[in-house]
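Chemist: Using the sequences and the hints given, assemble the complete structure.
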Amino acid sequence: MSADIGATEPSGADGEVAEPPAKSPWGALALLSLGVAMIIVDGTVVNVALPSMIKDLDMTFADAEWVNTIYALVFAALLINFGRLADIRGRKLLFLTGIVIFVGASMFAGQSDSASQLILARLFQGIGAAIILPTTLSSVNTLFTGKSRAIAFAVWGSVIGGMAAIGPLLGGWLTTYHSWRWVFYINLPIGLLVLVLSIFFVPETKDASARRGADPAGSVLIGAGLAALVFAMIEGQQYGWIQPTAPFSFGALTWPADAPVSIVPVAFLFSVACLTAFVIIERGRNKADKVVVLDLSLFGLKSFRWGNTTALIVSLGEFGLVFVLPLYLQNVLGFTPIKSGVYLAFIAAGAFLATPLVAKLAQKKGSRFVVMVGMMFEAVSVAGIALVVQPDTGTEIIPLLFTYGIGIGFATAQLTGASLADVPLAESGQGSGTQSTSRQIGSALGIAVLGAVLAVGLGAFTKDQVSQVPGVTAEQADQISQAVRSTGGGAITELRATPGSEAVVAAADDAFVSAMRLTVGIAAIFILFGLLAASRLPPGELHDPPGEPEQEPVAAGSA
Numbered sequence: 001m002s003a004d005i006g007a008t009e010p011s012g013a014d015g016e017v018a019e020p021p022a023k024s025p026w027g028a029l030a031l032l033s034l035g036v037a038m039i040i041v042d043g044t045v046v047n048v049a050l051p052s053m054i055k056d057l058d059m060t061f062a063d064a065e066w067v068n069t070i071y072a073l074v075f076a077a078l079l080i081n082f083g084r085l086a087d088i089r090g091r092k093l094l095f096l097t098g099i100v101i102f103v104g105a106s107m108f109a110g111q112s113d114s115a116s117q118l119i120l121a122r123l124f125q126g127i128g129a130a131i132i133l134p135t136t137l138s139s140v141n142t143l144f145t146g147k148s149r150a151i152a153f154a155v156w157g158s159v160i161g162g163m164a165a166i167g168p169l170l171g172g173w174l175t176t177y178h179s180w181r182w183v184f185y186i187n188l189p190i191g192l193l194v195l196v197l198s199i200f201f202v203p204e205t206k207d208a209s210a211r212r213g214a215d216p217a218g219s220v221l222i223g224a225g226l227a228a229l230v231f232a233m234i235e236g237q238q239y240g241w242i243q244p245t246a247p248f249s250f251g252a253l254t255w256p257a258d259a260p261v262s263i264v265p266v267a268f269l270f271s272v273a274c275l276t277a278f279v280i281i282e283r284g285r286n287k288a289d290k291v292v293v294l295d296l297s298l299f300g301l302k303s304f305r306w307g308n309t310t311a312l313i314v315s316l317g318e319f320g321l322v323f324v325l326p327l328y329l330q331n332v333l334g335f336t337p338i339k340s341g342v343y344l345a346f347i348a349a350g351a352f353l354a355t356p357l358v359a360k361l362a363q364k365k366g367s368r369f370v371v372m373v374g375m376m377f378e379a380v381s382v383a384g385i386a387l388v389v390q391p392d393t394g395t396e397i398i399p400l401l402f403t404y405g406i407g408i409g410f411a412t413a414q415l416t417g418a419s420l421a422d423v424p425l426a427e428s429g430q431g432s433g434t435q436s437t438s439r440q441i442g443s444a445l446g447i448a449v450l451g452a453v454l455a456v457g458l459g460a461f462t463k464d465q466v467s468q469v470p471g472v473t474a475e476q477a478d479q480i481s482q483a484v485r486s487t488g489g490g491a492i493t494e495l496r497a498t499p500g501s502e503a504v505v506a507a508a509d510d511a512f513v514s515a516m517r518l519t520v521g522i523a524a525i526f527i528l529f530g531l532l533a534a535s536r537l538p539p540g541e542l543h544d545p546p547g548e549p550e551q552e553p554v555a556a557g558s559a
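Mapped onto my numbering, the consecutive letters of the sequence shown carry residue numbers 1 to 559.
Just so you know, these hints were derived from the structure itself, not from any lab. Because the structure is a prediction, the values reported are computed rather than measured. Where hints are given, some of them may not hold.
Stated by the list, open to error - Straight-line C-alpha distance at most 25 angstroms; calculated PhoX-like pairs for lysine-lysine: (1) Lys-360 <-> Lys-147; (2) Lys-302 <-> Lys-290; (3) Lys-302 <-> Lys-147; (4) Lys-463 <-> Lys-55; (5) Lys-302 <-> Lys-364; (6) Lys-339 <-> Lys-360; (7) Lys-339 <-> Lys-55; (8) Lys-365 <-> Lys-302.
Stated by the list, open to error - Between beta-carbon pairs, the in silico distance windows are: (9) Ala-259 <-> Pro-356: 26 to 36 angstroms; (10) Tyr-177 <-> Ala-288: 18 to 28 angstroms; (11) Ala-257 <-> Ala-460: 29 to 39 angstroms; (12) Val-220 <-> Thr-254: 35 to 45 angstroms; (13) Ser-24 <-> Val-291: 28 to 38 angstroms; (14) Arg-89 <-> Gln-243: 28 to 38 angstroms; (15) Lys-365 <-> Ala-252: 57 to 67 angstroms; (16) Gln-468 <-> Ser-297: 56 to 66 angstroms.
Even for Gly, the Cβ is constructed at its ideal location relative to N, Cα and C.
Modeler: Printed below as a string of structure tokens:
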């Protein structure tokens with residue numbers, strides 16, 4: 001949901017080669033920005049449509065988590081690799097490839113008739129997005145110079161912000177008046193337009209001095225480690241956190257229900273082993289001056305280390321919150337998808353309002369101050385949401401969503417620039433890619449962690465509340481709690497339509513609110529940890545990266 005441009009952008013790398021553009025580079029910018037718009041919208045448009053997907057495809061709550069998480073997870077795992085490949089093979093070539101993959105996956109997603117098909121389609125959407133984003137950023141950096149570059153990056157960032165705002169509204173409108181399938185089908189005409197026009201109006205660019213080579217071991221280890229971690233967080237409810245509660249099978253792998261331990265702790269250990277091996281291998285490759293997926297030496301820079309830590313933690317709380325909010329708005333308050341989209345749009349409205357104030361405040365107080373102010377806004381707003389949610393909450397939640405958006409606008413607009421301030425110019429691509437990867441990892445973990453908290457809370461609170469309803473047996477209470485938990489509250493909507501179930505529905509609504517308060521409260525705690533991480537950022541104004549001639553800062557764009 002968030003993407004931003006640093007306070008300064010590289011003035012161009014030696015060795016850049018480009019074919020002469022057939023038209024003005026501004027036409028190329030429009031097409032590149034439109035390509036980015038698709039992948040940004042797909043990061044926010046799905047949340048509002050999720051309750052309808054759960055009902056239509058008979059999805060479990062874990063399935064719903066995977067629909068969102070797999071997109072961010074694949075995005076994070078492949079982002080840096082595809083950025084390097086584009087520099088070597090050609091940014092236009094990779095951009096067009098990414099569009100083809102993304103559009104094809106969108107068509108597959110819209111036609112899905114099962115949760116597994118939709119999750120697979122989202123995986124391929126994540127691959128397409130991981131190709132598109134870095135190619136557009138490096139293309140804009142190559143095609144423009146001087147003041148034109150500043151304007152181009154401002155346009156690029158504004159498009160990202162605008163699309164993040166449009167996403168919930170667009171998803172709500174399409175789901176309400178057409179079908180949730182159209183949140184994917186809409187990518188087809190846009191993608192085909194971008195594909196055809198880009199062939200003629202986007203010039204090919206390459207970096208002749210870019211390092212050749214690959215780091216397959218690092219790529220596999222970080223991807224497998226993150227996937228195993230997210231699997232454990234999401235599937236703990238299904239297969240048991242310690243002892244097996246159900247058999248697991250995937251291809252040739254079978255994990256029986258009578259095994260001495262569940263597959264979930266095994267997945268945790270596998271994740272730790274993969275990520276530990278990844279760090280060891282990357283350090284070794286760094287020392288040998290070989291190509292790496294992640295340049296761990298950059299984390300020796302205080303600004304980079306704490307900036308990325310802050311970005312990961314903030315995204316963890318932010319994306320997890322936006323995942324659970326539509327479930328509450330539609331399953332408990334009974335909102336239509338479009339009304340849910342309107343409510344969530346207040347977050348984007350707050351971010352837009354904050355953006356013009358950020359640059360002046362950063363010049364006076366420094367980037368760290370702005371980031372911390374923003375995160376204080378976020379923490380207070382999220383804690384406020386946890387306090388005010390009720391089964392009949394109305395418009396009182398809107399001011400809190402708005403101030404939360406203000407916090408996002410303040411924090412994200414300066415965070416990337418603060419993180420990259422001390423990164424050498426030659427490493428700017430690696431640095432910006434790592435920052436984007438941190439955000440995507442945070443979003444995937446946020447959905448997994450807060451989704452798991454909500455699921456556990458729904459099961460426990462629903463069973464407790466419903467069992468107190470006169471006439472409901474312990475077995476019935478257990479069945480209802482399982483249904484509410486597995487559908488992310490979707491079963492409450494079905495209960496509401498059942499005559500004579502008013503008392504059970506009221507109990508289930510109260511249980512969802514209790515689980516919601518717990519989940520949102522933990523999101524607030526995550527943001528507070530992010531605030532502590534931000535306090536470790538170096539104070540002062542942003543400055544040009546080492547090796548970069550002094551230039552006028554570029555206004556940050558955020559989403």
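Chemist: Evaluate each hint against the coordinates.
Modeler: Do the hints match the structure? See the list:
no. : hint                                    : result
1   : Lys-360 <-> Lys-147                     : holds, 19 angstroms
2   : Lys-302 <-> Lys-290                     : holds, 24 angstroms
3   : Lys-302 <-> Lys-147                     : violated, 30 angstroms
4   : Lys-463 <-> Lys-55                      : holds, 22 angstroms
5   : Lys-302 <-> Lys-364                     : holds, 22 angstroms
6   : Lys-339 <-> Lys-360                     : violated, 35 angstroms
7   : Lys-339 <-> Lys-55                      : holds, 18 angstroms
8   : Lys-365 <-> Lys-302                     : holds, 19 angstroms
9   : Ala-259 <-> Pro-356: 26 to 36 angstroms : violated, 58 angstroms
10  : Tyr-177 <-> Ala-288: 18 to 28 angstroms : violated, 58 angstroms
11  : Ala-257 <-> Ala-460: 29 to 39 angstroms : violated, 22 angstroms
12  : Val-220 <-> Thr-254: 35 to 45 angstroms : violated, 23 angstroms
13  : Ser-24 <-> Val-291: 28 to 38 angstroms  : holds, 35 angstroms
14  : Arg-89 <-> Gln-243: 28 to 38 angstroms  : violated, 49 angstroms
15  : Lys-365 <-> Ala-252: 57 to 67 angstroms : holds, 58 angstroms
16  : Gln-468 <-> Ser-297: 56 to 66 angstroms : holds, 58 angstroms
Hint compliance for this structure: hints 3, 6, 9, 10, 11, 12 and 14 are broken, all remaining hints hold.
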